[in-house]
Every structure is written in structure tokens, then in C-alpha cells.
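For the protein sequence lines, the chains are C and E, in the order given. End of the first sequence = 260 in our numbering, gap-free, step of one. End of the second sequence = 1265 in our numbering, gap-free, step of one.
Quick list of simulated restraints, FRET-style, between CB atoms:
{"#": "1", "chain 1": "C", "residue 1": "Glu-101", "chain 2": "E", "residue 2": "Val-1007", "range": "46 to 56 Å"}
{"#": "2", "chain 1": "E", "residue 1": "Thr-1158", "chain 2": "C", "residue 2": "Glu-101", "range": "16 to 26 Å"}
{"#": "3", "chain 1": "C", "residue 1": "Arg-74", "chain 2": "E", "residue 2": "Arg-1256", "range": "37 to 47 Å"}
{"#": "4", "chain 1": "C", "residue 1": "Ala-238", "chain 2": "E", "residue 2": "Leu-1101", "range": "52 to 62 Å"}
{"#": "5", "chain 1": "E", "residue 1": "Leu-1251", "chain 2": "C", "residue 2": "Ala-71", "range": "45 to 55 Å"}
{"#": "6", "chain 1": "E", "residue 1": "Asp-1009", "chain 2": "C", "residue 2": "Asp-165", "range": "25 to 35 Å"}
{"#": "7", "chain 1": "C", "residue 1": "Arg-16", "chain 2": "E", "residue 2": "Thr-1011", "range": "35 to 45 Å"}
{"#": "8", "chain 1": "C", "residue 1": "Leu-237", "chain 2": "E", "residue 2": "Pro-1260", "range": "48 to 58 Å"}
{"#": "9", "chain 1": "C", "residue 1": "Arg-242", "chain 2": "E", "residue 2": "Thr-1003", "range": "51 to 61 Å"}
{"#": "10", "chain 1": "C", "residue 1": "Glu-69", "chain 2": "E", "residue 2": "Thr-1011", "range": "51 to 61 Å"}
{"#": "11", "chain 1": "E", "residue 1": "Pro-1260", "chain 2": "C", "residue 2": "Ser-249", "range": "49 to 59 Å"}
{"#": "12", "chain 1": "E", "residue 1": "Leu-1251", "chain 2": "C", "residue 2": "Glu-69", "range": "51 to 61 Å"}
{"#": "13", "chain 1": "C", "residue 1": "Glu-101", "chain 2": "E", "residue 2": "Arg-1256", "range": "17 to 27 Å"}
Source of the hints: derived by calculation from the structure; they are not laboratory data. Since this is a predicted model, take the numbers as computed values, not measurements. The beta carbon of each residue, even a glycine, is placed where N, CA and C say it ideally should be.
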Amino acid sequence: MRVVVDHVSKTYTDRRGHSVPALHDVSLTVESEEFLALLGPSGCGKSTLLNLVAGLTAPSAGGVHLEGEPARGRSATAMVFQEFALFPWRTVQANVEFGLEEAGLGASERARRARAHIQLTGLAGFESKYPHQLSGGMRQRVGIARALAVDPAVLLMDEPFSALDAQTRQLMQEELLAIWERTRKTIVYVTHNIHEAVFMADRVVVLSRRPGRVLTMIPVALGRPRTEAMLGEPAFLAAVDRIWSLIRSQAQAALREGEA
Amino acid sequence: MSTRLPVPDRTRALERRGHPVVRVASLVTLVLLWELVTGTGWVQPLFLPSPLDVLGTGFEMLRSGELVGHVITSLRRIVLGFGLGALLGVAVGLAVGFWSLAEAVGNPLIAATFPIPKIALLPLLILWVGIGEASKVAVIMLGVFFPMAINTFAGVRTADPLLIRAAVSFGAGRWSLIRKVLLPSALPMIFAGLRLGAGTALLLLVAAEMIAANSGIGALVLNAQNLMETTKLMVGIVLLSLLGICSHWLLARLERLALPWRSHS
Ligand SMILES: Nc1ncnc2c1ncn2[C@@H]1O[C@H](COP(=O)(O)OP(=O)(O)OP(=O)(O)O)[C@@H](O)[C@H]1O
Ligand SMILES: [Mg+2]
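Please take these sequences and the hints and turn them into a complete structure.
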């Protein structure tokens, strides 16, 4: 499925009635089966953009739509939340089954798919643990398993590997790419990490500091499947450099604003 | 020169230990004191019979079947009233917490009726449903309903909006949301409400039975007082204390069963 974000602005109103502009006139299209990375300084509206695409908040101006026929029995979007958002009263297994329950699957099919994704995210043996009994990185992987299990047409991932150690992160990145090649999803992937964005994505969208605007869209000229060896290729390094020089000034300005 | 500084466990002062021996000892001391002041004749048995006498009379009443009738009648009233009141309270609390229209309708009504001491409604309830079982069950039900509805509502309102959004993002509809997110979020508050309600229920049970009943523990206590049978009166009071302890224990067990994710081990 294609995701079209059409001239979207989002302004929050805080409790004292002040308005906080989070996104300003953002337009972008995520092509069907594309892997798009969203990059930008902290607080620039990346999570807000994902929430808009997931229908979890309404734009103040503009519109968001999904184009294409969702396959039968496949949900349109699923989200991996930045703050994990696991249900504390559900075990790992039950958390992963949540989306499948809402999709109306039978108990045995739910259990089978949940187990497969628990295995995939390296959580085997922890099925009956509650979230508070897991480490941060494990909780994050439960959130990933929960979203992957529903096999969505559009997968929205908000810094999905931020709590993982470097090695696990590398493995999970490769695993995600393999899943993506296999299941042909559209993926919108939010990250702070330039290397990660370039390594994973077909295109990298760079947002400005708050209120977020699209600064540029950089296509990544790397073949598929991506391998660790590509991390040293000139095309990879060139893309990273270009994005870094763009983001640097933005990040500095955002930081100064935070101090003020 | 370096010195070795042992690192103490600074959380030790915060630790709350079980002190099982002290717990038993404090209860035993109370009973011993009671035996002491009554057994030595320092206090007249008419005012306070000794614990051994109370125990003996209790067994006698148990054998004669007198006690069983009172206890069963009281239990039936309290279980029915408590159960119905709790169910209704949770249902109303969930509805008022979820639908803003239900809140607009329900909140002013609850605010207006909540402060009425429920026992004051007993005469009215007797007029409406008769002096039989229904009026006692109804007054207990009312007493339990309010803390349950108010606590459930508060629990629903404290549900994490992030979890609500997560559920919605996976396609949860209203019913799913209520059942799978709001209800579990409210459970700790619901159990707090149940504990409050259990105390209220016991109070209302005894009051209702003293006002308008000829069976039940409350009636037993009142009759015993009229006949100056202080030992029987004390049997009733000890029974009420046991009932309170049992309900507390049951609720604690139930809570541990229903909230396994909150066990801090
Ligand atoms: N519910 C809200 N109410 C008010 N302001 C909000 C709300 N949510 C987000 N904001 C503001 O909108 C801006 C964008 O927030 P958002 O969470 O989308 O940023 P982000 O790019 O995901 O940041 P990070 O990289 O730190 O996760 C921030 O300045 C934030 O303060
Ligand atoms: Mg964010």
C-alpha cells in the first residue's frame, strides 16, 4: 500500500492553551513496498507523523491517506511504539497475540503466529513472563513481535531498535530486512541514527527541527539485499556524509533552542 | 594509602519485614489481657465475659444449631448485597468512565446521592420492597455500589492513554477497549473499592439486622443485649470480627489471582 501525506500540519495545544507546532506543511509519499527512513532531530515531529499515518491523531491541516487494496485478512497498519506500549497485565505471548485477537483469528492460529514471532525476535522461553520482568531491550522486541505478527500492509516503526545493544541491533536490522523482502510491506522507519537509516532504507527523508518540515529526500544507491559489508561502500558513506552535514546545523540549532 | 570502604545496603531502612511472631504475639496478648481482667473478677461477667466463656457458649450455640441459622442468613444477605453492588458499581463506573454522555448523566446523580448515609434509606426500602430479605440486600447493595462506581471511574480515568492508542492501533473497538484495556487498568482501584465496600457492607448488614430483622448476627447481638446475655452478645461480636478477617483475606487472595502482573518478586 502507498502512504500519501498531503500538506499536513499538526499543532498541539498544551494544557495552558499554548499552541505547539509540531509539523509544518509536510508532504511525502511512501511507495508501495518501499522502505522509507524518517530522520530528524529530537522533538521534530517524527512520532507525530507516524501517529498521523496510523490514525491515532488528526492533522490540524492537510490529509493522510492510504492507497491500494489491503489484502484480505491483513491489517492496513501496525505500529511499533517508541515507548513500547506493552500491556502490563498481559504476558509476552498475550501481548503478541493482541493484534491477532482484534483481527478475529482463532486461538490456535493466534498461538502459532505469536510463537513464530516470539521465536523470531529472540524471546523464546519468555512467553509467560510479564513486561515488568523483562529488560528494556526485550520489551522493545515484544513490541516489534506484536506489530510483525499481524502482518500489516504498512509497518510503522518508531525507533524500534533504540534499546538494543549494537550486536542485537545489527542482527535485528538484518532480520527486519529479510522479513521485508519476504512479505513485501511498506515500512516507515523512524530513527535518530543516520547509519541505520541509510543501511535499511530505499529513501531517507530528513526533517527539520521543530516544527518539522521535509528538508530533503535522499535516495540510497545501494543494492539489495543489504549486507554488513556495504557499510564501507563509497555510496553508503557518501549518503551518510550528505545527511550528516544537513542535520548537523539543525541539531545544533535545536540544542541551542532547548537551552534557551 | 587506600582504605576499604564497605558499601552498605542503603535501602535496608526502607525494607518492610513481615514480623510474623510479633503479629501472632500481639493478638495473643490481647486475648490474655482479656482473660486476665475477666478471670480475676476485676470486670463483672455481665459487662465483659471471659474469652473462655465466650468460646464455650459459642460451641454450645453451634451444637444447638442456633448459630448456623444466624450466620447463614447474614452470609446470604452480605454475599448477595455485596456481589450485586460490586457488579453494578463496576459496570456503572466503566460506562461513566468511557462514555462522556454517561458521565454527564451519571456524575451529578452520584454526587447528589453518594453523601446520604445508606442506612437512612432502609425505612424507605422497607416501604418499597417489604421488610423481608430484599430490603437488607438492597441497603448493602447501595452501600457497596457507591465506592465501587467511584473507584472504578477513577481507575478508568487513570488508564494510560498510550496503551489506549496502542490498542486502537491494532483495531480494538469500544468493547475490546473497555474489556482489554480500561478494565485491567482500573483493577487495582477496583480492588481498593472492594476492600472499602466490604467494610461498609458489614456495617450496613449489622445495622439493618438490628433495625429490622429477627435473624442474622446483628439480630443475635441485639437480642442478647435485651436479655442481658452478654456472653451471647460477645459471640456475635467475635463472629463479626471473624467475618471481617475472612473477607479481607479472601479479597487479598482474589487480588493476587487477578493481578498477577503486580507481584513484585
Ligand atoms: N500530546 C502532545 N501535546 C503537546 N505537545 C506535544 C504532544 N506530543 C508531542 N508534542 C510536541 O510536539 C513536538 C514533536 O513531538 P514528537 O514526539 O513527534 O517528536 P519526535 O520527533 O518523535 O521526537 P523524539 O525523536 O525525541 O522521539 C515536540 O516538541 C513535543 O513537545
Ligand atoms: Mg518520537
